[in-house]
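S.K.: Each chain, written out:
Protein chains: 4
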Amino acid sequence: MTDRAHPEPRSAYRWFLPITTRWMDNDVFGHVNNVQYYSFIDTTVCSYLVETGLFHPTTGGLMAVVAESGCSYFSSVAYPDALTGALRIDRMGTSSVRYGVGIFREDEDQASAGGFFTHVYLDRATGKPAPLSEDLRTALNGLIA
Amino acid sequence: MTDRAHPEPRSAYRWFLPITTRWMDNDVFGHVNNVQYYSFIDTTVCSYLVETGLFHPTTGGLMAVVAESGCSYFSSVAYPDALTGALRIDRMGTSSVRYGVGIFREDEDQASAGGFFTHVYLDRATGKPAPLSEDLRTALNGLIA
Amino acid sequence: MTDRAHPEPRSAYRWFLPITTRWMDNDVFGHVNNVQYYSFIDTTVCSYLVETGLFHPTTGGLMAVVAESGCSYFSSVAYPDALTGALRIDRMGTSSVRYGVGIFREDEDQASAGGFFTHVYLDRATGKPAPLSEDLRTALNGLIA
Amino acid sequence: MTDRAHPEPRSAYRWFLPITTRWMDNDVFGHVNNVQYYSFIDTTVCSYLVETGLFHPTTGGLMAVVAESGCSYFSSVAYPDALTGALRIDRMGTSSVRYGVGIFREDEDQASAGGFFTHVYLDRATGKPAPLSEDLRTALNGLIA
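Residue numbers (my numbering), protein chains in the order written: chain U, 1 to 145; chain A, 1001 to 1145; chain Y, 2001 to 2145; chain C, 3001 to 3145.
Check each hint, because a few of them may be wrong.
One side of the interface only, derived from the structure: several residues of chain U facing chain C at Cβ under 7 Å [claimed, not checked]:
#1 W15
#2 V28
#3 T59
#4 L62
#5 V66
#6 S69
#7 D107
Mimicking DMTMM-like on lysine to aspartate or glutamate, the simulated pairs with C-alpha atoms at most 25 Å apart in a straight line are [said to hold, decoys possible]:
#8 Y:K2128 <-> Y:D2081
#9 C:K3128 <-> U:D135
#10 U:K128 <-> U:D90
#11 C:K3128 <-> U:D90
#12 U:K128 <-> C:E3108
#13 C:K3128 <-> C:D3090
#14 U:K128 <-> C:E3008
#15 Y:K2128 <-> A:E1008
#16 Y:K2128 <-> A:E1108
#17 A:K1128 <-> A:D1081
#18 A:K1128 <-> Y:E2008
#19 A:K1128 <-> Y:E2108
To be clear, the hints were calculated from the coordinates, so they are not data collected in a lab. Fair warning: this is a prediction, and the values are worked out from it, not measured in the lab. Ideal Cβ placement from N, Cα and C applies to all residues, glycine included.
Sequences and hints are given; from them, build the entire structure.
M.R.: Written as structure tokens, this is what we have:
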């Protein structure tokens, strides 16, 4: 993840989701626990897919499994911060996509964290890797930074 | 909790907080798990206190402990629903407050769930119950429905 | 919940589940956040049903919805405490069950928290309340304290 | 994370922690959500440090921040599975440690997931990177696989 070793600005991302924090996100240090960032990453990817209607986790011919994820933490965020999950496409294969997600605090322009999330798309009936639909591929192409 | 056995409208509450849902809030039934509602309740109470500046969980002369909580579930909510946490004061003692919290789905006017949360306020130095500050008491009086 | 206003001993419960705590269960005060107790309650009830084979959340003719839950907090628990979820039946109707759950810290005999959880059982096909199976009713009768 | 692209056996790890799953860990697919694995990783690292007494998150001269984490998912786990968090040291610098953590399902010998977690140790007073204590370094050397 050396390519994610430095915070990037919002302009490095293409789609944005407001995320509210919760009191219990904070751990004993008064900052959002490192685990919760993955919930923000997970939710940002899923929200893009659901809101655009290009893919639904539980219906349609394709399903998605998470093959790999990761996150670099640059500066802390804390409840009650308002956050933004920022999405882009890092890489796209025939049946897999590596989504890049930045987590931004309030109005800051430098990401507090930079993560990724690799989906492999499977035929829901056979469980075998299956090519992305053309609609999804076209839309995701538009998110390459 | 018989007084909370039926859904109430937004007008039964006095202060409102937008809450975004997360993919992992949904359980195997595709609805927000019953546990997460308490995170919404907890966050609604805490956000009122922090945003008004009347009480801070980790600083100042008073601290608060949760003595009791509860929730009645009327209808399900699910990611990606936008939720509203709605606050009122159910009851106020010398050093304790029972907060009432409704959880509303999208633009619905009937609460999906109605919960409560009882804080006991303690002197941070001695750990003994201590009277609410006058400022806090005055503000909370304004939230009695 | 006045009947749950004082901590009870392990002998007030009938079935026991070991629960490990997680670092992120602790909030800024270094104690398990009030919300997580409901995860322990939820898991204790569900584990009894699944381990005994008397009911499965996602298969079989019946499904269960949570109508109400609540918890009284007596003393704090904290990661890395080993916990025990302790189960009993508080009340049983034709198609509903109020489960009582105590949360015990390490080897302590006084509950750190006492909660409840009311399930309404529904016909999975029609979504209408349906009587508990005789097997389930007989088993739950054995958990009345 | 190419070195973590295939499941490894228990023998590739050096210290083991039992972890119980919770009903709400499962997402809509009936498997533990990808986010929760990081809670298992986080807890495994922290439990080693706390149980050995070599480092405590909130006391002592050093503190630790998470710089980076990641996980490869090989096969699913689900509540009510009993899990094992398995620890080793992947890499050690002057003031940083990359912990490797495998997540094992029930008695299986192939990891269901393989993750890592990089701690940077700081002087608690100055917030500047500080060398690991000799005790901690010696112990962690014993966890190199």
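S.K.: Run every hint past the structure and note whether it holds.
M.R.: Now the hints, each set against the structure:
no. : hint                : result
1   : W15                 : 20 Å, violated
2   : V28                 : 6 Å, holds
3   : T59                 : 11 Å, violated
4   : L62                 : 14 Å, violated
5   : V66                 : 4 Å, holds
6   : S69                 : 6 Å, holds
7   : D107                : 24 Å, violated
8   : Y:K2128 <-> Y:D2081 : 41 Å, violated
9   : C:K3128 <-> U:D135  : 49 Å, violated
10  : U:K128 <-> U:D90    : 23 Å, holds
11  : C:K3128 <-> U:D90   : 33 Å, violated
12  : U:K128 <-> C:E3108  : 24 Å, holds
13  : C:K3128 <-> C:D3090 : 23 Å, holds
14  : U:K128 <-> C:E3008  : 23 Å, holds
15  : Y:K2128 <-> A:E1008 : 23 Å, holds
16  : Y:K2128 <-> A:E1108 : 24 Å, holds
17  : A:K1128 <-> A:D1081 : 41 Å, violated
18  : A:K1128 <-> Y:E2008 : 23 Å, holds
19  : A:K1128 <-> Y:E2108 : 24 Å, holds
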